[in-house]
Amino acid sequence: MRKIITLLFVVCIQWIYASDMKSIQEFGVKPENSAALNKINLQKAIDWASSIGAALWVEPSDEPYHIEGGIILKDNVSLIGVHGPTPRGTIHQNKKQPVGSVFKITDRKNVFITVKSSTQIKGIQFWYADQTLNDPSAIIVYPPTIQVSKTSFTQGVYMSCLSFYGEYVAFDFNASREFPCELMTFEHCYGFPLSGEFIRMNYVYDVPRILHCHVNPASQRFIGGQIKRNVVDAVIAKKTFAYAINNTDNAQIIDLFTFGTYGGIFLGEESYGQLTNFNFDCVAVGILKQGSNSKNRNWQITQGSIIANTGEKVENIHPIIIEGQGHTSLTNVEAFSGGNSALTPVKEQMSWDYLLVRGNKKLSVSVFGARMRNYMSDSPVTIKNENAILQFSACIDKNENFYNTIID
2 MRKIITLLFV VCIQWIYASD MKSIQEFGVK PENSAALNKI NLQKAIDWAS
52 SIGAALWVEP SDEPYHIEGG IILKDNVSLI GVHGPTPRGT IHQNKKQPVG
102 SVFKITDRKN VFITVKSSTQ IKGIQFWYAD QTLNDPSAII VYPPTIQVSK
152 TSFTQGVYMS CLSFYGEYVA FDFNASREFP CELMTFEHCY GFPLSGEFIR
202 MNYVYDVPRI LHCHVNPASQ RFIGGQIKRN VVDAVIAKKT FAYAINNTDN
252 AQIIDLFTFG TYGGIFLGEE SYGQLTNFNF DCVAVGILKQ GSNSKNRNWQ
302 ITQGSIIANT GEKVENIHPI IIEGQGHTSL TNVEAFSGGN SALTPVKEQM
352 SWDYLLVRGN KKLSVSVFGA RMRNYMSDSP VTIKNENAIL QFSACIDKNE
402 NFYNTIID
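Residues are numbered in our numbering as their position in the sequence shown, beginning at 1, plus a constant of 1.
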């Protein structure tokens, strides 16, 4: 009885929460409307919500809301849908399309939505109905789905439980020195960008967060099928990173996954922070870490796995690359390799090494508890920087022997 009462209480709370929001349908955003009319009406709804800090309810429907791009999510507005993340797509009974709180996007000229301060987008699916799944030459280069404002200071944006199907770039949060942004949070977001770029951030200060995000070519398996091997190969060939961050304060990055992109994560020369609990699967480079000084261009990287096996000749496949200045601490980060039928791995089905260090300025690396295997070179580390210092402790090499060494 107590469980039943608790469940009823939760349901009532959810109903009250939804009833306090105005449905976008009340403003004339309807599944049967044209994309142009829905854009006009959704912008009117946002304009109304901005002055009072209201939330707009993306009422679920068996037909998506077809909407043109160019929408501005003005200050104080939340767009709320019904979903948690839907990494395979919700299933229409008779059509290969998602149902629920779904925006259908076909606009090839405009960013779909630009966010400003104190905004939230949660529980929504973004479906690019015209995007190819099986022809690399037919990939549509859509503008980003969600973009930070390029003309104003943006602070406090929360992106949660969002799913993308057929996007080219999901999140473009590359701000500028003139208009930096702060306090950006991304969590529980799923997709497979055909540019290879899922979340890119630049000039994002005051502790940005990327949490529990997942990039995989099977993201729309239930509605269109898995993205084909030749398309995944074309994405890898773009030599981009699924996650990229630069010019930031103490970034917090937790629980990331990517499969079938050239790079896992790029940590730019003006970044620092912590990266933990990750898996970068079937990439050419798992982590590329840079640094512009030795004071605070430091990353603590822990509890991760990298499978580097594709996209380049084997000599250019490196689970981890470190260059520039600063310190990198790697703890319990393993790397191995092998084949996979969802893309084209190198014939050796191996990486060249575990770690490549390059450049000409002093940098430092400490590695503890790394399991390093399926690399071709004699040594797990390739040194192309005479000023680098490194220490490996309690690591395991490709022969399953302990690897403990100091390189100075």
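Rather than coming from a laboratory, the hints here were simulated on the basis of the structure.
Glycine residues also receive a C-beta, built at the ideal position from the N, C-alpha and C atoms.
It cannot be assumed that every hint is accurate.
Computed Cβ-Cβ distance ranges for the label pairs, DEER-style [unchecked claim]: (1) T107 with K240: 37 to 45 Å; (2) P61 with K362: 53 to 61 Å; (3) I41 with K296: 47 to 55 Å; (4) S367 with S342: 31 to 39 Å; (5) Q350 with I390: 31 to 39 Å; (6) S62 with A37: 27 to 35 Å.
With a Cα cut of at most 20 Å, we get these calculated PhoX-like pairs of lysine-lysine [unchecked claim]: (7) K151 with K239; (8) K348 with K385; (9) K75 with K97; (10) K229 with K97; (11) K31 with K96; (12) K75 with K23; (13) K45 with K75; (14) K296 with K399; (15) K348 with K362.
Each hint, compared with the structure:
{"no.": "1", "hint": "T107 with K240: 37 to 45 Å", "verdict": "violated, 28 Å"}
{"no.": "2", "hint": "P61 with K362: 53 to 61 Å", "verdict": "holds, 54 Å"}
{"no.": "3", "hint": "I41 with K296: 47 to 55 Å", "verdict": "holds, 51 Å"}
{"no.": "4", "hint": "S367 with S342: 31 to 39 Å", "verdict": "holds, 37 Å"}
{"no.": "5", "hint": "Q350 with I390: 31 to 39 Å", "verdict": "holds, 32 Å"}
{"no.": "6", "hint": "S62 with A37: 27 to 35 Å", "verdict": "violated, 19 Å"}
{"no.": "7", "hint": "K151 with K239", "verdict": "violated, 25 Å"}
{"no.": "8", "hint": "K348 with K385", "verdict": "violated, 26 Å"}
{"no.": "9", "hint": "K75 with K97", "verdict": "violated, 33 Å"}
{"no.": "10", "hint": "K229 with K97", "verdict": "holds, 17 Å"}
{"no.": "11", "hint": "K31 with K96", "verdict": "holds, 19 Å"}
{"no.": "12", "hint": "K75 with K23", "verdict": "holds, 16 Å"}
{"no.": "13", "hint": "K45 with K75", "verdict": "holds, 11 Å"}
{"no.": "14", "hint": "K296 with K399", "verdict": "violated, 34 Å"}
{"no.": "15", "hint": "K348 with K362", "verdict": "violated, 35 Å"}
The structure shown violates the earlier hints numbered 1, 6, 7, 8, 9, 14, 15.
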